[in-house]
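Chemist: Read off the chains here:
Number of protein chains: 2
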Amino acid sequence: MTKVSLSRLQAKLGYSFTELALLRQALIHRSYAATHYERLEFLGDGVLNFVIAHCLYQRFSDIKEGELSRVRAHLVKQDALESIARRLKISDYLYLGEGELRSGGLERPSILADVVEAIFGAIFLDAGFDAVQKVIVSLYQPLFDDLDPNKAGKDPKTQLQERLQAIKIAVPKYDIIDTSGAAHEQVFTVSCVIEALAVRTEGAGSTRRLAEQNAAHTAMLLLDAQPAKKSAKQLK
Amino acid sequence: MTKVSLSRLQAKLGYSFTELALLRQALIHRSYAATHYERLEFLGDGVLNFVIAHCLYQRFSDIKEGELSRVRAHLVKQDALESIARRLKISDYLYLGEGELRSGGLERPSILADVVEAIFGAIFLDAGFDAVQKVIVSLYQPLFDDLDPNKAGKDPKTQLQERLQAIKIAVPKYDIIDTSGAAHEQVFTVSCVIEALAVRTEGAGSTRRLAEQNAAHTAMLLLDAQPAKKSAKQLK
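As given, the protein sequences belong to chains A and B, one line each in that order.
Under the UniProt record's numbering, the residues of the first sequence are numbered 1 to 236, in order.
Under the UniProt record's numbering, the residues of the second sequence are numbered 1 to 236, in order.
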């Protein structure tokens, strides 16, 4: 089991393993060998959640427990871990079975995210809490830099509604304007209308809720594009 | 803010605070003061989940990630934390507002459980990871002693089914035998029949699922009471 040398990965992590076998195990998918990364991932998920909780606790001394939970959920979700995995070029180091390789496992977001957690678990076992905390904080720096605790983890409908409330404008109105497709593959199309701003957008999705979220997301992009202007802009 | 001296509580925790204000904050409900335990609880929940994950990882080297998660959920749920709170006599030290006091807040399981987590958060801030890990491991010792990783966190229906599969007996049959009460206060009564063992029990609950779980639970108690005997025992 040689593959690409692990020294580059360790350099990117900013951490050198005493027991390199732990790092190797964190890179082995269950399709490749019986001893794989899943137990390390369980441990790493735990330490990641806690380290991020502590960072948020320190950073935002004035926000409440419920909001801290929302922001944490945003930071530990698959998207965030996948972005870290891609920076680390995890797919260069992964061990997958034949079937997984053929079906694109090297690029599968869930595998990439799981491996990042497993690496955190491996570092904890190799050197303890302070060492893994240092690695996590450093890898998460770009995500913290981009973080707006008032938005992170909020769905587009909630964000849009809060944004309109802040400028004392009535909530948007959502209506189904089309449904198509067979029973279990339906596509809903929904409109989102903000009357006071003469804004109208549309969104599609496999559920009514998803379609509404997409319409709300587009409405926000539109508002971003005309920040100072409260006057008429009509889509479609 | 004097109340009962905090030295007895610290003795029970096996930990002495450098900054006693942290322990005090962990004991203040939001109904009592603006600076209360909820942010510490957020932090404590995180460290608890991780410390328990690590204990389980070490203790059970042969069980899989999914099972580790189930057992952890069982150990960090409200029941478990409440049992620890009662051992620590948390209600002797709590600060609650008038309304909460009158409505029985001192004995409310959710408050007791939250305060235990908040205390873990406070210890972490006071002295770091190793200190809080030591306290958690020691408080959880009785729960670990009682722990059966094959059962912990499994609902009664699942436990009963696995138990019957192990002795190659067909799964139990559940039937609704009565529903009563108005629309939103219905009570379902369900029977659980294990034909091969001539066992029949009943269970009631506000949903069909709950009623089935109760019937399964009673069936297991019955099987425990007649462990060696596979012959007829008929309830009702």
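Hints may be right or wrong, so weigh each one.
All copies of an identical chain are treated as equivalent in the list; a pair is satisfied when it fits inside any one copy or across any two copies.
Claimed, not checked - No more than 20 angstroms apart at the CA atoms, straight line, and that leaves these computed lysine to any residue pairs for SDA-like: (1) Lys134 x Ser191; (2) Lys134 x Glu162; (3) Lys64 x Ser110; (4) Lys77 x Gly66; (5) Lys12 x Asp148; (6) Lys64 x Ala204; (7) Lys151 x Asp224.
Calculated directly from the structure, the hints in this document are not laboratory data.
Please read all numbers here as calculations on a predicted model, not as lab measurements.
Chemist: What hint numbers does the structure not satisfy?
Modeler: 1, 2, 5 and 6
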